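Those protein sequences? They're chains X and Z, same order as listed.
Counting in this note's numbering, the first sequence runs from 80 upward without gaps.
Counting in this note's numbering, the second sequence runs from 84 upward without gaps.
Source of the hints: derived by calculation from the structure; they are not laboratory data.
Computed from a prediction, not measured in an experiment: that's the story for all the values here.
The beta carbon of each residue, even a glycine, is placed where N, CA and C say it ideally should be.
Errors might be hidden in some of the hints.
[Stated by the list, open to error] Just some of the chain X residues that point at chain Z, by a computed CB distance under 7 angstroms: (1) 141; (2) 491; (3) 494; (4) 495; (5) 500; (6) 510; (7) 529.
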Amino acid sequence: MSTFLGMPVHAPRGVGHLRGDESFPAAARTALADSQLRRNLQHATTTIRGKSGRVIAELPDWQELRAAGSALKAHTMAHLPELLEQLEEKVTAAGGVVHWAADANEANQIVTDLVRATGSSRVIKVKSMATQEIGLNEALEAAGITPVETDLAELIVQLGNDKPSHILVPAIHRNRSEIREIFLRAMPGVDPSLTDDPPVLAGAARRYLRETFLSTTVAVSGANFAIADTGTLAVVESEGNGRMCLTLPETLITVMGIEKLVPTWQDLEVFLQLLPRASTGERMNPYTSMWTGVTPGDGPQNFHLVLLDNGRTAVLADEVGRQALHCIRCSACLNVCPVYERTGGHAYGSVYPGPIGAVLSPQLTGVEDNASLPYASSLCGACFDACPVKIDIPSILVHLRNQAPHPRTEAAVMAAAAYTMDHPRLYASAQRAAKLSRIAGRRGRGLPPPLNGWTASRDLPAPPPETFRDWWRNR
Amino acid sequence: MRIALFVTCLADTMFPAAAKATVLLLERLGHEVVFPPEQTCCGQMHINTGYQKDALPLVKRHVQTFERFDVVVAPSGSCVGSVRHQHAMVAGDDTKLAARASAVASRTYELSELLIDVLGVEDVGAYYPHRVTYHPTCHSLRVLRVGDKPERLLRNVRGLDLVELPAAEQCCGFGGTFSVKNADTSTAMLADKMRHVLDTGADVCTAGDASCLMHIGGGLSRLRTGVRTVHLAEILASTEA
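The shape of chain X in the complex, shown without the other chains (with noise of 0.2 angstroms):
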């Protein structure tokens, strides 16, 4: 383990939301339970999987656009230190003020006490998965601050009182009649008539929203990305509210991963035509909002920038991890993953979901706290094909495999398994073995635990009447 520059290794426990109560196989167990939830997963995923699909197709250089998002990436991680520093004087000298964040528990210290000096009570937020990630909206209410979120699929969790579950369409899991529901009951002011038909639904949450950011001065986003050397900051969403956030409030804080960052502007060119396409399999992002520092007489006129860690240096240090870095908050694995399509982002336990999240969530609270992440996925290798910057997902699995504490009993047979196998004479000994014994009873029924869950539903083949190689040596 390495530490830098005195900066805690992993993310905190007790703040933020990147650790669940329970592992992804006892969570997931309860997801698959749920017939509706395993409808709307698969009927969305299949639905976004399709038109991204159709619109990727149109690009003949897309395999070339990859290449290029993923070598920029590698670059920037390469010098982030010298990046970063670029970046905090270009924002200081276009009349921002950068904060530099160590933990979950710094950033929200930071954004509290920001807000607290504005004297207002409440702050707009824009869909950020940063601040979802470090718990800032419970920091801020337990601080009296109420924090309104705008993204609409965002205003249905927080309304809900519940958590995302998906990077891109954090509400993914609930249908239109259960979002009227939650409107119906949480939601102030709302007309007690409203049906489930979504433009009704949309206007409900427009006309209660747009009160909110008209009357509120103070807003917290997220970035897509940061140019370092221009000091612009750029979010990328398609509803409008990011504009009306970052344009309409006195005060800005944008709260944003240190990995964020791209060189240079042209480099923006790469990857506003990779995130839609891969993400919601637009052609073009609706609304791409980017400012440099304060601007006199127009859009908020204190802008602070927040740049969190939370682990972030301990996934650069790993060589084979830090690609997680790359990622670029499409969705795109999620969309793919077959896994993710049957459990749900709830699953993972952190903000995190899909593919993604299992390798990411991991990293940034060291492999013990995520121990069962790495192992939530079948390794089939979709989410390495969809990832628009190349991610080779399934390879930081098995390395994040090797990095995970390992049940005491399945150590033993794994070590006396190699063994074995390493013992061509006691290996032809074992299959002989294996064929007598017969450990499962009735047409391969009943296999003792842990392998009992493969015989919950499957059948083992009948062993056969010889081996391979006691056949070759007879024949």
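Chain X is fixed; fit chain Z onto it per the hints.
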């Protein structure tokens, strides 16, 4: 051509028919097959479950066993995938072993790759009068990138009615120890795969990997569907006479 058979521990122990079929097919095509008996397991299960240290002797054994051969074939996309993409990594700091592992990997082929890329044959002269659907298996498809090679071989089999499997590229849910550690999720994935197989109306589901077939076949058997799983090698080895 002299071809070494890397049988894989699973085919050797549980599915010898697939391995025998590989031998008989290659011999029918006029090649010599040798079986180095000191081979055991490529170590993929250990590597993918997080036991790279335990896998190291198995990787060494595999390299020692097969480095004297010019061409190695296995009836498994997954095991060839491990040899090609993981063995050098497991060797780690032992750069000599890593180089030897890479050399062996560069001469190791999955069956459909060997037939089409090395031996240059698409019609192996097989006869198999059944309605068949092909599951492409994740590691053949996305690790080895065998593409449509298995289907090209199947289309040339006399009497065979090849029906397309819906959502074919989706994982069947096996994933080695994944099917034990995450048995419920694995079963949910298997349920969809079986539904798609049954939708085709095929009598036989085939693939290039005994492991995925063991999983799909285990489910189809439990449900008493009557649909059989048969390894690609067995279909290609079948003849009229």
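Verification of the supplied hints:
1. 141: 17 angstroms, violated
2. 491: 11 angstroms, violated
3. 494: 6 angstroms, holds
4. 495: Check failed: Cβ of residue 495 of chain X comes no nearer than 9 angstroms to chain Z, outside 7 angstroms.
5. 500: Hint holds; residue 500 of chain X Cβ to chain Z Cβ min 4 angstroms, cut 7 angstroms.
6. 510: Nearest chain Z Cβ about 5 angstroms off; hint holds.
7. 529: Holds, about 6 angstroms.
Hints 1, 2, 4, counting from the list given before, are not met by this structure.
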